[in-house]
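Chain by chain, the residues run as shown.
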Amino acid sequence: DAGVIQSPRHEVTEMGQEVTLRCKPISGHNSLFWYRQTMMRGLELLIYFNNNVPIDDSGMPEDRFSAKMPNASFSTLKIQPSEPRDSAVYFCASGRGDQETQYFGPGTRLLVL
Amino acid sequence: GENVGLHLPTLSVQEGDNSIINCAYSNSASDYFIWYKQESGKGPQFIIDIRSNMDKRQGQRVTVLLNKTVKHLSLQIAATQPGDSAVYFCAETTGGGNKLTFGTGTQLKVEL
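Order-wise, the sequence lines are chains A and B.
Take the first sequence: its letters are residues 350 to 462, numbered as in the working numbering.
Take the second sequence: its letters are residues 192 to 303, numbered as in the working numbering.
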């Protein structure tokens, strides 16, 4: 079975550029989560969706970050404009709405110069 | 300025020994707990879970123990192997919700 798929796996960009991270959840899962992981702050939940609807975006750092889930099989996390402090590994995870377990993708390593 | 990162506790064990990784949680209302394993360069991987109506659950080479009185969770790995080297996270949630709260993690190093 395919797990959570994220793209790109690595992204290097310059400050001020727009960055779009993509996620395909596991088929049949109706919850989707975006996390950020850094050495400074560990693993942080940014936002999560149930049935394509954003439920909790309290972890989104600021207005430069936005996330969408146009359908059950695709989500994006966008940073515009990007800043060096956004450098981190961004993980997408999915789960079934009736279960608490989340399954993580391989992550996108973002470096903003 | 100097970049000060999280100080991950480190547990070093000899190959073949048993490992015990501990986690203290803060929310007494948490009723579901998960252990994740994260290898270098990969995403966290589900290992085992336990609900608050249990105090022990066993998997293949792993056992999770839950002590609700002192809000403590532990992961025991039997006959630790080099492939077990990773960072291990505990996570908790409350009331059947989706939102997980993760601990800071423990680095397990297996010495040959």
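Rather than coming from a laboratory, the hints here were simulated on the basis of the structure.
Treat the hints with care, as some may be off.
Stated by the list, open to error - No more than 27 angstroms apart at the CA atoms, straight line, and that leaves these computed lysine-lysine pairs for DSS-like: (1) B:Lys-233 <-> A:Lys-373; (2) B:Lys-247 <-> B:Lys-300; (3) A:Lys-417 <-> B:Lys-247; (4) A:Lys-427 <-> B:Lys-290; (5) A:Lys-427 <-> A:Lys-417; (6) B:Lys-247 <-> B:Lys-290; (7) A:Lys-373 <-> A:Lys-417; (8) B:Lys-259 <-> B:Lys-247; (9) B:Lys-300 <-> B:Lys-262; (10) A:Lys-417 <-> B:Lys-290; (11) B:Lys-259 <-> A:Lys-373; (12) B:Lys-259 <-> B:Lys-233; (13) B:Lys-233 <-> B:Lys-290; (14) B:Lys-300 <-> B:Lys-233; (15) B:Lys-300 <-> A:Lys-427; (16) A:Lys-427 <-> A:Lys-373; (17) B:Lys-262 <-> B:Lys-290; (18) B:Lys-262 <-> B:Lys-247.
Results for each hint:
1. Taking the CA atoms of Lys-233 of chain B and Lys-373 of chain A, the gap is about 17 angstroms. The hint holds against a cut of 27 angstroms.
2. With a C-alpha separation of about 25 angstroms, the suggested pair Lys-247 of chain B and Lys-300 of chain B falls inside the 27 angstroms cut-off, and the hint holds.
3. Restraint check for Lys-417 of chain A and Lys-247 of chain B: the C-alpha separation of about 39 angstroms exceeds 27 angstroms, so the hint is violated.
4. Between Lys-427 of chain A and Lys-290 of chain B the alpha-carbon distance is near 21 angstroms, which keeps this suggested pair within the 27 angstroms criterion.
5. In summary, the hint linking Lys-427 of chain A to Lys-417 of chain A is supported, as the alpha carbons are separated by about 8 angstroms, within the 27 angstroms threshold.
6. A threshold of 27 angstroms between alpha carbons decides the hint, and for Lys-247 of chain B with Lys-290 of chain B the separation of about 23 angstroms falls inside it, so the pair holds.
7. Taking the CA atoms of Lys-373 of chain A and Lys-417 of chain A, the gap is about 12 angstroms. The hint holds against a cut of 27 angstroms.
8. The straight-line distance between the Cα atoms of Lys-259 of chain B and Lys-247 of chain B is roughly 11 angstroms, inside the 27 angstroms bound, and the hint therefore holds.
9. Distance restraint check for Lys-300 of chain B and Lys-262 of chain B: the Cα-Cα separation of roughly 25 angstroms lies within the 27 angstroms cut-off, and the hinted pair is therefore satisfied.
10. Of the supplied pair hints, the one linking Lys-417 of chain A and Lys-290 of chain B holds, its CA atoms being roughly 18 angstroms apart against a limit of 27 angstroms.
11. Of the pairs offered as hints, the one joining Lys-259 of chain B and Lys-373 of chain A is violated, with about 36 angstroms between alpha carbons and a cut-off of 27 angstroms exceeded.
12. For the proposed pair Lys-259 of chain B and Lys-233 of chain B, the alpha carbon gap of about 31 angstroms is over 27 angstroms, so the pair is violated.
13. Restraint check for Lys-233 of chain B and Lys-290 of chain B: the C-alpha separation of about 21 angstroms stays at or below 27 angstroms, so the hint holds.
14. Using a Cα cut-off of 27 angstroms, the hinted pair Lys-300 of chain B and Lys-233 of chain B holds, with the two alpha carbons roughly 17 angstroms apart.
15. For the proposed pair Lys-300 of chain B and Lys-427 of chain A, the alpha carbon gap of about 36 angstroms is over 27 angstroms, so the pair is violated.
16. Distance restraint check for Lys-427 of chain A and Lys-373 of chain A: the Cα-Cα separation of roughly 15 angstroms lies within the 27 angstroms cut-off, and the hinted pair is therefore satisfied.
17. With a C-alpha separation of about 19 angstroms, the suggested pairing of Lys-262 of chain B with Lys-290 of chain B holds against the 27 angstroms cut-off.
18. Taking the CA atoms of Lys-262 of chain B and Lys-247 of chain B, the gap is about 14 angstroms. The hint holds against a cut of 27 angstroms.
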